[in-house]
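Undergrad: If you want the building blocks of each chain, they are given just below.
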Amino acid sequence: MAEILVLVDHVDGDVKKVTLELLTLANRLGEASAVWVGGGYDGAKDKLAEYGAQKVYVGSDEELTSYVVAPKAALLAQLVQDKAPAAVLVGATAEGKEIAGRLAVKIGSGVLTDVVDVADGFVAEHSIFGGGVIAHAKVNTGTPVIAVRPNSVPAEAAPASPAEEQVSVALSDADKAAKIVEKVVEEKGERPDLTEAAIVVSGGRGVGKDGFSIIEGLADSLGAAVGASRAATDAGWYPHQFQVGQTGKTVSPQLYVAVGISGAIQHRAGMQTSKTIIAINKDPEAPIFELVDFGVVGDLFQVAPQLTEEIIKRK
Amino acid sequence: MNIVVLVKQVPDTESPRKLKSDDSTLDRAAADGVINELDEYAIEEALRIKEAQGGEVTVLTMGPDKATDSIRKALAMGADKAVHLVDDALAGSDALQTSYAITQVLGRTGFDLVILGSESTDARTGVLAAMLAERLGVPQLSLANKVEIDGSAIKVQRITDYGFDRVEASLPAVVSVVEKINEPRYPSFKGIMAAKKKPVETLGAADAGLDAGQIGLANAATAVVDFAEAPPRAQGQIVTDEGDGGAKIAEFLASKKFV
Chain A
1 MAEILVLVDH VDGDVKKVTL ELLTLANRLG EASAVWVGGG YDGAKDKLAE YGAQKVYVGS
61 DEELTSYVVA PKAALLAQLV QDKAPAAVLV GATAEGKEIA GRLAVKIGSG VLTDVVDVAD
121 GFVAEHSIFG GGVIAHAKVN TGTPVIAVRP NSVPAEAAPA SPAEEQVSVA LSDADKAAKI
181 VEKVVEEKGE RPDLTEAAIV VSGGRGVGKD GFSIIEGLAD SLGAAVGASR AATDAGWYPH
241 QFQVGQTGKT VSPQLYVAVG ISGAIQHRAG MQTSKTIIAI NKDPEAPIFE LVDFGVVGDL
301 FQVAPQLTEE IIKRK
Chain B
1 MNIVVLVKQV PDTESPRKLK SDDSTLDRAA ADGVINELDE YAIEEALRIK EAQGGEVTVL
61 TMGPDKATDS IRKALAMGAD KAVHLVDDAL AGSDALQTSY AITQVLGRTG FDLVILGSES
121 TDARTGVLAA MLAERLGVPQ LSLANKVEID GSAIKVQRIT DYGFDRVEAS LPAVVSVVEK
181 INEPRYPSFK GIMAAKKKPV ETLGAADAGL DAGQIGLANA ATAVVDFAEA PPRAQGQIVT
241 DEGDGGAKIA EFLASKKFV
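Protein chains in written order, with our numbering: chain A, 1 to 315; chain B, 1 to 259.
Next up, chain A with everything else stripped away, as it sits in the complex (with noise of 0.2 Å):
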């Protein structure tokens, strides 16, 4: 079986889910070999072996961590010469898509970003234009450098006993131009991360200033991440980061529930690929509603409260 090699998206050591995913997709496709940079391997390599990394390269040196996402690619590209992989996977994060980036220009290979699936001959699945569309693409050019969105293919537990090899690369100069002098982490609390949750609770327009604790209330009772839309954001109700929608995240959680959200199609673009979708707002048009699994017309501020109350009551 070919060699399959996936990038592992860790913030010290924390796997992401995202991580797990590829390494299932890659062993339907091949055999998975995980590709580990930076500290805080010990504390994860249960957790890839779990997940049925038939393989770890443990790039450990403390130069490919502190510089912009270029030694991270120096490195894969290395991996890919000295072991012909048959592909290299990646999480479709804002910095995964980079390092893919990077790496097909380093190789002269093709990048296919932003992929919900992948098929037998590493032809790709996208969901474009807002989820109105779905291509298949491949590439015909050196390496398939294919970065895969998070949520798109369930990760399964397939334990297996990775041998592991240490890897470095030689860093040039231009890889270590952009220097990462500190990193800041962000209190987010003990909310799922958003790209990864299987829910997401967003709030919009209709939540107004002081209704995102409604918002926050509801996700909490379904260990749910917080969105919001542009509307939100914009106003300065809850914190860019959160943003769901064309210029701020995607996400294709199991659950989605909207709440006062209109449905614009910038919002649109950042959720209609979610499994379920349901949608409160009194405005019986509101184009959300074309996209509901099921939906209430009514007032958000009664409506949302209530339904924390009897899914806290189910529990």
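What the hints contain is simulated information worked out from the structure, not anything from laboratory work. It should be emphasised that the depicted structure is a prediction, and the values quoted were computed from it without experimental measurement. Incorrect hints may have been included.
[Stated by the list, open to error] Below are the DSS-like pairs computed for lysine-lysine, each with C-alpha atoms no more than 25 Å apart in a straight line:
{"hint": "1", "chain 1": "A", "residue 1": "Lys249", "chain 2": "B", "residue 2": "Lys146"}
{"hint": "2", "chain 1": "B", "residue 1": "Lys155", "chain 2": "A", "residue 2": "Lys176"}
{"hint": "3", "chain 1": "A", "residue 1": "Lys47", "chain 2": "A", "residue 2": "Lys16"}
{"hint": "4", "chain 1": "B", "residue 1": "Lys81", "chain 2": "B", "residue 2": "Lys198"}
{"hint": "5", "chain 1": "A", "residue 1": "Lys313", "chain 2": "B", "residue 2": "Lys256"}
{"hint": "6", "chain 1": "A", "residue 1": "Lys315", "chain 2": "B", "residue 2": "Lys248"}
{"hint": "7", "chain 1": "A", "residue 1": "Lys17", "chain 2": "B", "residue 2": "Lys257"}
{"hint": "8", "chain 1": "A", "residue 1": "Lys275", "chain 2": "B", "residue 2": "Lys257"}
{"hint": "9", "chain 1": "B", "residue 1": "Lys248", "chain 2": "A", "residue 2": "Lys313"}
{"hint": "10", "chain 1": "A", "residue 1": "Lys45", "chain 2": "A", "residue 2": "Lys55"}
{"hint": "11", "chain 1": "B", "residue 1": "Lys18", "chain 2": "B", "residue 2": "Lys66"}
On the provided structure of chain A, position chain B as indicated by the hints.
TA: Same frame as chain A, but now just chain B:
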């Protein structure tokens, strides 16, 4: 300071966006073209840097003839001049090829700073800044929500999953910006009038010294195999709240095993 800001014309999100059935490329005739939204933040940032540091802002666009509308808008906002790379031979170029073509043109214009939006609303690949930095061998200062320049030193805040990184480098550099870095200005009437007189240099592929074997659909490193409209979502159940709307949603969630 020689600042080059990259501008892309994209189909308006509000109008129907399609791929063409013959070659699976974007149907640019089907939708109204507008300036890519994040590029407006890039233009604004370029203008602010110029206002603080002095220098000149050049708009660089690769795209069909009608992309001149977006160029005019950028000039009306205050950019000084523009270069428009336009050639039928470029049609269907993918990200790898686009980064090659733009790199070649940047070799002609020279630059201290290249600024672009972090992503376009049509392809949304988000790879161009990284590819340009790689090809040009200059610092990649991407996903910036704050840029500070002091002489040849440049510092940015780079948005990350966990917060942000403080990044330092020396010019020349490539910077990509995110929404919220600034508030783009609206072109003034005076700006719109002045834009009509600003120089726009039009370059063909040969003028830019592009290798014909490295551009265009036939030479792309990626290819669309097929595409179709996504199946419409099945019509869901919509009820009007009669005091039990929340309970009804809870029932639905329970039926789907979410609670």
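Undergrad: Each of the hints needs a verdict: does it hold here or not?
TA: Hints versus structure:
1. About 19 Å separates the Cα atoms of lysine 249/A and lysine 146/B, which keeps this hinted pair within 25 Å; it holds.
2. Taking the CA atoms of lysine 155/B and lysine 176/A, the gap is about 15 Å. The hint holds against a cut of 25 Å.
3. Simply put, lysine 47/A and lysine 16/A have alpha-carbon atoms about 10 Å apart, close enough for the 25 Å limit, and the pair holds.
4. With a C-alpha separation of about 6 Å, the suggested pairing of lysine 81/B with lysine 198/B holds against the 25 Å cut-off.
5. In summary, the hint linking lysine 313/A to lysine 256/B is supported, as the alpha carbons are separated by about 17 Å, within the 25 Å threshold.
6. About 16 Å separates the Cα atoms of lysine 315/A and lysine 248/B, which keeps this hinted pair within 25 Å; it holds.
7. A hinted pair counts as satisfied when its Cα atoms are at most 25 Å apart, and lysine 17/A with lysine 257/B qualifies at roughly 21 Å.
8. Simply put, lysine 275/A and lysine 257/B have alpha-carbon atoms about 13 Å apart, close enough for the 25 Å limit, and the pair holds.
9. Restraint check for lysine 248/B and lysine 313/A: satisfied, since their Cα atoms lie roughly 14 Å apart, inside the 25 Å limit.
10. Simply put, lysine 45/A and lysine 55/A have alpha-carbon atoms about 11 Å apart, close enough for the 25 Å limit, and the pair holds.
11. Annotation: proposed proximity of lysine 18/B to lysine 66/B holds, straight-line Cα distance about 18 Å (limit 25 Å).
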